[in-house]
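Student: As a plain string of letters, each chain reads:
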Amino acid sequence: MTEILIKNGHITDPLQGIDAVGCVLITGGKIGKISVGADSINVSNPAISVVNATELFVFPGFVDMHTHLREPGFEYKETIRTGTLAAAKGGFTSVCSMPNTKPVNDNETVTEFIVRKAMMEGYCDVFPIGAITKGQEGKELAEMGMMKTAGCVGFSDDGKPVVNSLIMRRALEYSKVFSSPVISHAEDAFLSEGGVMNEGYLSTILGLRGIPAEAEIIMIKRDIDLAALTGGRLHVAHVSTAGGVRAIREAKKDGIKVTAETCPHYFSITEDAVNGYNTNGKVNPPLRTQKDVEAVREGLNDDTIDAIATDHAPHHRDDKMCEFDRAAFGISGFETAFSLSIRLVHDGVLTLSRLIRKMTCEPAAILSIDKGTLREGGDGDIVVVDMEATFTVESERFLSKGKNTPFSGWQLKGQPVLTINRGRVTYDNFTGRL
Amino acid sequence: MRKHLIDIKSTSVEDIKLVLETASSFKDVLSRDIKKVPALRGKTAVNLFFEPSTRTKTSFELAEKRLSTDVINFAVPTSSVVKGETLYDTIKTIESYGVDFIIIRHQSSGVPHFITSFSQASVINAGDGINEHPTQALLDAFTLIEKKGTVEGLKIAVVGDIFHSRVARSNIFCLRKLGAEVRIVAPNTLVPKGIENEGVQIYNNLEDGISDVDAVMMLRIQNERQSGGFLSSKDEYFRFWGLTSKRLKNAKPDCIVMHPGPMNRGVEIDSEVADSAQSVIHAQVINGLAVRMAVLYLLSTA
Numbered sequence: 001m002t003e004i005l006i007k008n009g010h011i012t013d014p015l016q017g018i019d020a021v022g023c024v025l026i027t028g029g030k031i032g033k034i035s036v037g038a039d040s041i042n043v044s045n046p047a048i049s050v051v052n053a054t055e056l057f058v059f060p061g062f063v064d065m066h067t068h069l070r071e072p073g074f075e076y077k078e079t080i081r082t083g084t085l086a087a088a089k090g091g092f093t094s095v096c097s098m099p100n101t102k103p104v105n106d107n108e109t110v111t112e113f114i115v116r117k118a119m120m121e122g123y124c125d126v127f128p129i130g131a132i133t134k135g136q137e138g139k140e141l142a143e144m145g146m147m148k149t150a151g152c153v154g155f156s157d158d159g160k161p162v163v164n165s166l167i168m169r170r171a172l173e174y175s176k177v178f179s180s181p182v183i184s185h186a187e188d189a190f191l192s193e194g195g196v197m198n199e200g201y202l203s204t205i206l207g208l209r210g211i212p213a214e215a216e217i218i219m220i221k222r223d224i225d226l227a228a229l230t231g232g233r234l235h236v237a238h239v240s241t242a243g244g245v246r247a248i249r250e251a252k253k254d255g256i257k258v259t260a261e262t263c264p265h266y267f268s269i270t271e272d273a274v275n276g277y278n279t280n281g282k283v284n285p286p287l288r289t290q291k292d293v294e295a296v297r298e299g300l301n302d303d304t305i306d307a308i309a310t311d312h313a314p315h316h317r318d319d320k321m322c323e324f325d326r327a328a329f330g331i332s333g334f335e336t337a338f339s340l341s342i343r344l345v346h347d348g349v350l351t352l353s354r355l356i357r358k359m360t361c362e363p364a365a366i367l368s369i370d371k372g373t374l375r376e377g378g379d380g381d382i383v384v385v386d387m388e389a390t391f392t393v394e395s396e397r398f399l400s401k402g403k404n405t406p407f408s409g410w411q412l413k414g415q416p417v418l419t420i421n422r423g424r425v426t427y428d429n430f431t432g433r434l
Numbered sequence: 001m002r003k004h005l006i007d008i009k010s011t012s013v014e015d016i017k018l019v020l021e022t023a024s025s026f027k028d029v030l031s032r033d034i035k036k037v038p039a040l041r042g043k044t045a046v047n048l049f050f051e052p053s054t055r056t057k058t059s060f061e062l063a064e065k066r067l068s069t070d071v072i073n074f075a076v077p078t079s080s081v082v083k084g085e086t087l088y089d090t091i092k093t094i095e096s097y098g099v100d101f102i103i104i105r106h107q108s109s110g111v112p113h114f115i116t117s118f119s120q121a122s123v124i125n126a127g128d129g130i131n132e133h134p135t136q137a138l139l140d141a142f143t144l145i146e147k148k149g150t151v152e153g154l155k156i157a158v159v160g161d162i163f164h165s166r167v168a169r170s171n172i173f174c175l176r177k178l179g180a181e182v183r184i185v186a187p188n189t190l191v192p193k194g195i196e197n198e199g200v201q202i203y204n205n206l207e208d209g210i211s212d213v214d215a216v217m218m219l220r221i222q223n224e225r226q227s228g229g230f231l232s233s234k235d236e237y238f239r240f241w242g243l244t245s246k247r248l249k250n251a252k253p254d255c256i257v258m259h260p261g262p263m264n265r266g267v268e269i270d271s272e273v274a275d276s277a278q279s280v281i282h283a284q285v286i287n288g289l290a291v292r293m294a295v296l297y298l299l300s301t302a
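Residue numbers (the working numbering), protein chains in the order written: chain A, 1 to 434; chain B, 1 to 302.
Check the hints yourself; a few may be wrong.
From the structure, some residues in chain A lie toward chain B, with a derived Cβ separation under 10 Å [unchecked claim]:
hint: 1; residue: Thr204
hint: 2; residue: Thr279
hint: 3; residue: Cys322
I should point out that these hints are in silico values taken from the structure, not numbers from a laboratory.
Keep in mind that this is a model prediction, so the values were computed, not measured.
Here a beta-carbon is modelled for each residue, glycine too, at the ideal position from N, C-alpha and C.
Given only the sequences and the hints, what does the whole structure look like? Please build it.
Tutor: And the structure:
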């Protein structure tokens, strides 16, 4: 395995409190040494690759706790190989794959398949999320213990919210045994029925069925109450509403074990993105209003929202090139996530260190995985970022099979240029320097 | 005039007025012995109806024939759509025949807009989901002008299932653009969110809503779309929101009653009103023909 020395980059590792120019040496796939100061590590061995990261930033590899790799079952949309390739381009070294595959990841056989396939073909570490209930049907608990043993790091019925409060209660109780969070896709399915975008004036004007913000808020509140009842660990996925942020903030104040994530699209754009029936703006939960965007940003700022995840949801062209109400929900998110998120720093919502925290050690902590830091002896997962690089989003050039993004044509600043996973270079746009 | 007519919300007042003026000359054509003109000879129109429709489809087809257009009717239940073909492929296939107009009705809102993104033909929306039905609004405006001289300054009540009605949406946009005062009258479950931003007043009470109005536009209660708990029963609906002669007395004495059809007698409208002298429902039908001829003609010159 190649040894790599990354020299003189601006290292930001929130968990270790490092925020300075320094050097990182990767040996045997692990972080061999990290030290602050220019030229603080020097090597004479010509077999060691030296990366001159002067004027670049060096972060722990990003951890994405909410993605869809589509394999098994929907390989025409994405595979573990193409998905993790796109993830590597986005600076991710660990991703969690949601269970809505075919078959559903509700048993250890499917979990093992995903883990093994990722080991063979993947460009980053893949941590599966198992289903809460068998077949994501919301009726019987899935075999959480066996799935945990096989590699699952959390449980979620993903796009199929657990409607039955008793089953959700049981899931929160039962998962405690395995120290795993239950991840809630908070949506009251009765209230959102038939909806394809945010409910409001715009949905009325477009003649599209709306999903009220309350569909999310009511379910977040229910799940918070069930977390309080059971003492289970609740994680709320992709928070999109002001009311949802408020409910989580209150729950945290009350000492309830709840964590939350949001996605770049919920703090970057509003429902206006679907105007003109743009199916690339169709996502679940739907894009909301400016007031919600601001509340999500406030929630990130005051740590109500712990983590930033992509909800990377690649789809085939045919799934989006159709009638709006038939189009699939989702955005292909890996390859724009960091560049959209860094805008939070430019806008003064977060410091750089706090942003990196939400993309690395926070999600790792929620899932209890040993990732998200440049700790010596830990996995050699690193991303090098050029903060000054500006580029135009060209979805046709995505490495993901999913070209579905509402950000096509956007000018963004700040881009990963080198990603290393366990000491292996998984993405290199660093021509001439390595 | 632009190339397509996909909605009223993005159509300018000038274009609306142009259609209405042109329709007036076509209405003259319709009163002649020989009701056919060669205006669109050599052009081809395809009527693509993905939802059942009798009156709109017939009206478009006759309008096309009156203008000497070649007509293709696309019957969806027997088409390749049931074999799983995408809408994109269906349109591309039909377009290969060199059609000039695609007249489309579809159950999904936004489909006409979607087709304009890849089709060379002029697209006319004959009703999309719960979004718009622009030619209905134009024929309603034409009828109002015919009966009242103008739309500007009229007080008009649109009554019924506003939520599911593309006719209501197109009419609200059109009537507001032409300067009418528009009220909507419905139970709250059938009032779409934020509609007041379009400058309409909302009434839950029918007597109040139609008081002193110049025209009442009744909407069909769409039985097929009532599964979401919008209403308790047809009986209760008629009791509170059905238009009867007695209630109509609240309106101006010369108030006209409109309905896009088909009517549910005894649900949204009482037969006595539907067949009364104040009803202009049959005039709407003939005006629909003139308006659709005007739209086809104007789009062909765009």
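Student: Which of the listed hints are broken here?
Tutor: Violated hints: none at all, because every hint is consistent with the structure.
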